[in-house]
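**Student:** Residues per chain are reported as follows:
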Amino acid sequence: MNKPLIKITVQSEDFSLADEYQLLAATPGCGAVLTFSGLVRDDGETALQALELEHYPGMTEQALTGIALLAIERFKVKAVTLIHRIGTLTPQQQIVLVGVASSHRSEAFSACEFIMDYLKTKAPLWKKQHLVTGSDWIAAKSTDAERAKRWDLT
Amino acid sequence: MIKILFFAALRERLQCRELELVIAQSCQVRDVLNQLQQQSEKWQQTFSEQQLLCARNQQICNLDTIVQPGDELAFFPPVTGG
Chain A
1 MNKPLIKITV QSEDFSLADE YQLLAATPGC GAVLTFSGLV RDDGETALQA LELEHYPGMT
61 EQALTGIALL AIERFKVKAV TLIHRIGTLT PQQQIVLVGV ASSHRSEAFS ACEFIMDYLK
121 TKAPLWKKQH LVTGSDWIAA KSTDAERAKR WDLT
Chain B
1001 MIKILFFAAL RERLQCRELE LVIAQSCQVR DVLNQLQQQS EKWQQTFSEQ QLLCARNQQI
1061 CNLDTIVQPG DELAFFPPVT GG
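As given, the protein sequences belong to chains A and B, one line each in that order.
Just so you know, the working numbering puts 146 at position 146 of the first sequence, and the rest follows in order with no gaps.
Take the position in the second sequence, starting the count at 1, then add 1000; the result is the number in the working numbering.
Calculated directly from the structure, the hints in this document are not laboratory data.
On a predicted model such as this, the values are computed, not experimentally measured, just so you know.
One thing to keep in mind: the hints can contain errors.
Distance condition first, Cα-Cα at most 20 Å in a straight line; then the derived SDA-like pairs of lysine to any residue [unchecked claim]:
| hint | chain 1 | residue 1 | chain 2 | residue 2 |
| --- | --- | --- | --- | --- |
| 1 | A | Lys122 | B | Cys1016 |
| 2 | A | Lys128 | A | Ala140 |
| 3 | A | Lys3 | B | Thr1065 |
| 4 | A | Lys128 | B | Arg1017 |
| 5 | A | Lys122 | B | Asn1062 |
| 6 | A | Lys127 | B | Arg1017 |
| 7 | A | Lys127 | B | Leu1053 |
| 8 | A | Lys128 | B | Leu1053 |
| 9 | A | Lys128 | B | Cys1016 |
| 10 | A | Lys141 | B | Gln1051 |
| 11 | B | Lys1003 | A | Pro57 |
| 12 | A | Lys3 | A | Gln22 |
| 13 | A | Lys122 | B | Thr1065 |
| 14 | A | Lys127 | B | Gly1082 |
Where chain A lies over chain B, by a calculated footprint (3+ residues, C-beta under 8 Å) [claimed, not checked]:
| hint | region |
| --- | --- |
| 15 | 1002-1010 |
| 16 | 1013-1026 |
| 17 | 1035-1041 |
Okay, the calculated beta carbon distance ranges per label pair [said to hold, decoys possible]:
| hint | chain 1 | residue 1 | chain 2 | residue 2 | range |
| --- | --- | --- | --- | --- | --- |
| 18 | B | Gln1050 | A | Thr88 | 22 to 28 Å |
| 19 | B | Gln1051 | A | Ala47 | 36 to 42 Å |
| 20 | A | Ala145 | B | Gly1070 | 30 to 36 Å |
| 21 | A | Arg105 | B | Pro1069 | 47 to 53 Å |
| 22 | A | Leu17 | B | Glu1020 | 32 to 38 Å |
| 23 | B | Glu1020 | A | Ala18 | 15 to 21 Å |
| 24 | A | Lys3 | B | Glu1049 | 43 to 49 Å |
We put the beta carbon where it would ideally sit given N, CA and C, even for glycine.
Taking the hints into account, I'd like the entire structure generated from these sequences.
**Tutor:** If you want it as structure tokens, here you go:
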């Protein structure tokens, strides 16, 4: 069996979904490629101007690598790509990419969800929203914690 | 001496990104926290009001974790990435 491939990046620049897909699709023996991209959402009610993402350099990369390794071990996927953007982003811009290559679709779907749930509760990243009316730090959601619990993460 | 980092809302509230602190040979995170809180009323209040997480050498830890000179500690609010 080929060694699992892991790509972890924390960057301010945008990423290309097509390029990342191509890299994953080149994984030897893979029969399924799944990508998820998260965007800056403006639900219209808050008039979001921008989202600022802060992180803990070094620890973020370690945490993301840890989750990729866990996903590989747990779901036997062949490759994981995880890209998280930092800095100032505007509505509809891409924030995060999770990509998984595996033999079959079911483990790719599970691994992708697992990675997102873990990332949202464990990776040291914080969002500050800039609205027309002022700025504030977004509070952690209990629903995210509930979703992460499904995977028996402590 | 240890290095202590603060992030996000906590960093803004304390108006401090990073500081260095002299600690006893080895102590617990809770002792470091007590020492920080003694700095001023603002620090006292900030740490008691907010739900916080801590990390030792870039690994999530808890108040019982042992800290040694040369370590890097960090305090921050619950994370909101993704």
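**Student:** Could you run down the list of hints and mark each one as holding or not?
**Tutor:** Comparing the hints with the structure gives:
With a C-alpha separation of about 23 Å, the suggested pair A:Lys122 and B:Cys1016 falls outside the 20 Å cut-off, and the hint is violated. With a C-alpha separation of about 11 Å, the suggested pairing of A:Lys128 with A:Ala140 holds against the 20 Å cut-off. Between the alpha carbons of A:Lys3 and B:Thr1065 the distance comes to roughly 35 Å, so the proposed pair goes past 20 Å and is violated. As the CA atoms of A:Lys128 and B:Arg1017 are separated by approximately 16 Å, the hinted pair is consistent with the 20 Å bound.
Between A:Lys122 and B:Asn1062 the CA atoms are separated by roughly 14 Å; this keeps the pair inside 20 Å, and the hint holds. At most 20 Å may separate the alpha-carbon atoms for a hinted pair to count; A:Lys127 and B:Arg1017 meet this at roughly 17 Å. For the hint linking A:Lys127 to B:Leu1053, the alpha-carbon distance of about 16 Å falls within 20 Å, and the restraint holds. The straight-line distance between the Cα atoms of A:Lys128 and B:Leu1053 is roughly 18 Å, inside the 20 Å bound, and the hint therefore holds.
Taking the CA atoms of A:Lys128 and B:Cys1016, the gap is near 17 Å; set against the 20 Å cutoff, the hint holds. For the suggested pair A:Lys141 and B:Gln1051, the alpha carbons sit about 13 Å apart, so the restraint of at most 20 Å is met. Distance hint between B:Lys1003 and A:Pro57 is fulfilled; the C-alpha atoms sit about 15 Å from each other, no more than 20 Å. With a C-alpha separation of about 18 Å, the suggested pairing of A:Lys3 with A:Gln22 holds against the 20 Å cut-off.
Taken as a hint, the A:Lys122 and B:Thr1065 pair is honoured in the structure, with Cα atoms around 18 Å apart against an allowance of 20 Å. Distance restraint check for A:Lys127 and B:Gly1082: the Cα-Cα separation of roughly 9 Å lies within the 20 Å cut-off, and the hinted pair is therefore satisfied. For the region 1002-1010 of chain B, the stated coverage by chain A is satisfied: 4 residues place a CB nearer than 8 Å to a CB of that chain, which reaches the threshold of 3. Residues of the region 1013-1026 of chain B with a Cβ under 8 Å from some Cβ of chain A number 0, which does not satisfy the need for three, so the listed coverage is violated.
Three residues within the 8 Å Cβ limit are the bar, and the region 1035-1041 of chain B against chain A gives 0, so the coverage statement is violated. Checked against the hint of 22 to 28 Å, the pair B:Gln1050 and A:Thr88 passes, with Cβ atoms roughly 24 Å apart. For the pair B:Gln1051 and A:Ala47, the beta carbons lie near 28 Å from each other, so the given range of 36 to 42 Å is not met. Under the hint 30 to 36 Å, the C-beta atoms of A:Ala145 and B:Gly1070, about 33 Å apart, fit the expected range.
Range check, A:Arg105 to B:Pro1069: about 51 Å between beta-carbon atoms, so the 47 to 53 Å window is met. With their beta carbons about 43 Å apart, A:Leu17 and B:Glu1020 fall outside the hinted range of 32 to 38 Å. In this structure, B:Glu1020 and A:Ala18 break the distance hint of 15 to 21 Å, their C-beta atoms being roughly 46 Å apart. The hint said 43 to 49 Å for the Cβ distance between A:Lys3 and B:Glu1049, and at roughly 47 Å that hint holds.
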